[in-house]
Amino acid sequence: MRFQYYEPTSLTDAVDQAARFGGEGRFLAGGTDLMIQIHRGVLRPRHVVSLDRVPDLAAVEASGETILGAMVTHRDLEHHPALQGRLRALVEGAEVVGGHQIRNVATVGGNVVNASPAADVVAVLLALEATVVLLGAGGERVMPLAGFLLGPGSTARRPEEILTAIRFPALVGPSASAFLKAGRRRAMEISLVCVAAVLALDERTGRCVAVRVALGAVAPTTVRAHAAERVLEGRMPTAGVLREAGRAAAGECRPISDVRASARYRARLVEALVPRALARCLERIGAAA
Amino acid sequence: MTKVALTLSINGERHEVLAEPDRTLLDVLRHDLGLSGTKENCLEAECGVCTVLVDGRAVNACILLAAQCRGREVLTIEGLARDGKLHPLQQAFIDHGAVQCGYCIPGMILSAKAYLDEHPVPTEAGVREALAGNLCRCTGYQKITDAVLAAARELAPER
Numbered sequence: 001m002r003f004q005y006y007e008p009t010s011l012t013d014a015v016d017q018a019a020r021f022g023g024e025g026r027f028l029a030g031g032t033d034l035m036i037q038i039h040r041g042v043l044r045p046r047h048v049v050s051l052d053r054v055p056d057l058a059a060v061e062a063s064g065e066t067i068l069g070a071m072v073t074h075r076d077l078e079h080h081p082a083l084q085g086r087l088r089a090l091v092e093g094a095e096v097v098g099g100h101q102i103r104n105v106a107t108v109g110g111n112v113v114n115a116s117p118a119a120d121v122v123a124v125l126l127a128l129e130a131t132v133v134l135l136g137a138g139g140e141r142v143m144p145l146a147g148f149l150l151g152p153g154s155t156a157r158r159p160e161e162i163l164t165a166i167r168f169p170a171l172v173g174p175s176a177s178a179f180l181k182a183g184r185r186r187a188m189e190i191s192l193v194c195v196a197a198v199l200a201l202d203e204r205t206g207r208c209v210a211v212r213v214a215l216g217a218v219a220p221t222t223v224r225a226h227a228a229e230r231v232l233e234g235r236m237p238t239a240g241v242l243r244e245a246g247r248a249a250a251g252e253c254r255p256i257s258d259v260r261a262s263a264r265y266r267a268r269l270v271e272a273l274v275p276r277a278l279a280r281c282l283e284r285i286g287a288a289a
Numbered sequence: 001m002t003k004v005a006l007t008l009s010i011n012g013e014r015h016e017v018l019a020e021p022d023r024t025l026l027d028v029l030r031h032d033l034g035l036s037g038t039k040e041n042c043l044e045a046e047c048g049v050c051t052v053l054v055d056g057r058a059v060n061a062c063i064l065l066a067a068q069c070r071g072r073e074v075l076t077i078e079g080l081a082r083d084g085k086l087h088p089l090q091q092a093f094i095d096h097g098a099v100q101c102g103y104c105i106p107g108m109i110l111s112a113k114a115y116l117d118e119h120p121v122p123t124e125a126g127v128r129e130a131l132a133g134n135l136c137r138c139t140g141y142q143k144i145t146d147a148v149l150a151a152a153r154e155l156a157p158e159r
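Residue numbers (the working numbering), protein chains in the order written: chain A, 1 to 289; chain B, 1 to 159.
Don't take every hint at face value.
Some chain B residues close to chain A (C-beta under 8 Å, calculated; not the full set) [to be verified]: (1) Leu43; (2) Glu44; (3) Thr51.
Calculated from the structure, these hints are not laboratory results. Even glycine gets a Cβ: it sits at the ideal position worked out from N, Cα and C.
Use the sequences and the hints to build the structure in full.
So, in structure tokens, the structure goes:
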């Protein structure tokens, strides 16, 4: 490793330094991806700017809209009291990442910027229709997470921009979220497939009024399963309808075959896990009623 | 590359180190401070042999820069024994035959300590989950789990 290291103590300083370094600089959050890529020689930044000591980036705000600071760790998500109810999918996505050593340092901002198609928490954020907040020399930009993720490891972030926060609207009424992941072991595992679901029912009729399903590890980015969502919208969420949504999701996803699983197996996992995640949402809505 | 002066607090002692800013905590512990109890293996945060506690939390020292630890308290395996007496976790690992080749054990013990500090009344499932980021290739997991549960019973009266 050969780089200079900086620990700015304000966002302004961090942005200024990054603007000066351009493509030769990298921001360091938890380091669970960056340090490994540097060690492997895949990335060779000459300047590393740590966000560790920038104040206020590690806060979770949950009054109405939820705002997750970029430096909120996976451990923080697991334990935050405001996420244990309707937003439980975030806890479920966070608690299956790596082991404790990873979750104690790996951040939600780093997870989003790293843009792995298999990122568990990113799938949940996509289902929550999150937007990302970016701060650069030219000021702040806000954009939907779905438009921010461009491909494996690729995002719309400019080199000097800091992803400062991730926001998403509150879930209200009879609604819930759930996250499921398939892997060979329960820890230290990259998802073969992961599924995040958010479901809201009409209070009076019990029909699905808002359905959002996101899939991980079946496309170049984490993706929404829009066809599956359309199957459910306006209908009663019967077991048959949930299975139909699973088949739609399996039909629309575009997985690859690699060392961890074949494309066909991944599609079958999607078909099984989508109805299961939606059923878990229904259980939770029932429990809350 | 220009070296920088780092003041690190390790096992309750202040250490002044002159090191390049891109050096990991693992590297500085082992090579500058001679604290070789923290092991080096995958260097990719996969195996857990380099686990140390920073402000009480288990982290992989192979992906943490020494410079990031300024102002924080680092605990390594060398800091567990008190007055020549092994920590109850260390003694329990010996008593339960939990150590085979030994290479993963410092990391196992520190992960276990972080867990027991937060969960004084542990469960077997909880112990296994707490150690999920620490790999043992001698397949000694059952005895390791037994040792952690026994250590928790030993530690209980102290709380």
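Hint-by-hint comparison with the structure:
no. : hint  : result
1   : Leu43 : holds (6 Å)
2   : Glu44 : holds (5 Å)
3   : Thr51 : holds (6 Å)
Consistency with the previously given hints is maintained throughout, with no hint failing.
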